[in-house]
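Engineer: Sequence:
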Amino acid sequence: MDSELMLIPMFGMVCLTFAVGVTMRLRREKAVKEGFDWRYYKTFEGGPPPRFSLQADQHFSNMFEVPMLFYAACITAMVLDSVDQISLALALLYLIGRLAHARIALTHNRLQIRARVYVASGLILFALWAWIFTAALLI
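Numbering-wise, our numbering puts 982 at position 108 of the sequence shown, and it's gapless, one number per residue.
Think of the hints as simulated: they come from the structure by calculation, not from any bench.
Note that the coordinates shown come from a computational prediction; the quantities given were computed from them, not determined experimentally.
Idealized CB from N, CA, C, for every residue including glycine.
You may find that some hints are simply not true.
Unchecked claim - Estimated spans, in silico, between C-beta atoms of each pair:
hint: 1; residue 1: 919; residue 2: 987; range: 31 to 39 Å
hint: 2; residue 1: 963; residue 2: 918; range: 35 to 43 Å
hint: 3; residue 1: 908; residue 2: 936; range: 18 to 26 Å
hint: 4; residue 1: 981; residue 2: 917; range: 26 to 34 Å
hint: 5; residue 1: 906; residue 2: 958; range: 44 to 52 Å
hint: 6; residue 1: 899; residue 2: 954; range: 35 to 43 Å
Let the hints inform the model, and build the full structure from the sequences given.
Structural biologist: Laid out in structure tokens, this is it:
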């Protein structure tokens, strides 16, 4: 299987990250238009922003936490030439999980549902790493 196929879920994550960033920007602009002090976004001092803005801010930061392990796994699989149907499927499942997590976090943000999706995507990511690690040992 072509290792370059792993770029598909990676690009999907990049697009998701940019989409969350744009959402954050639009929500910040909305907060300022509704009277929130714009200086908060410059120095992060003062009262907290409106919840809709804070949700986007926090989720954007989240996109640079655990997902970094996803990028590392994909690159590792590509470098080791161990991209196969299973690793690609796991990477795509992780992307789907992150899309669901973002949708939940940026809309109703129900903790129980969000937590289940987060744990499921984390287990998928762990399975991806375990599969890549096992494949590397068998090569």
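Engineer: Each hint needs a verdict: does it hold in this structure or not?
Structural biologist: Here is how each hint holds up against the structure:
Distance hint check: the CB atoms of residue 919 and residue 987 are about 33 Å apart, consistent with the given range 31 to 39 Å. About 40 Å separates the C-beta atoms of residue 963 and residue 918, a value consistent with the hinted range of 35 to 43 Å. Restraint check, residue 908 to residue 936: a C-beta distance of roughly 24 Å satisfies the suggested window 18 to 26 Å. Restraint check, residue 981 to residue 917: a C-beta distance of roughly 29 Å satisfies the suggested window 26 to 34 Å.
For the pair residue 906 and residue 958, the beta carbons lie near 49 Å from each other, so the given range of 44 to 52 Å is met. Look at residue 899 against residue 954: about 37 Å separates their beta carbons, and that is inside 35 to 43 Å.
Hint compliance for this structure: every hint is met.
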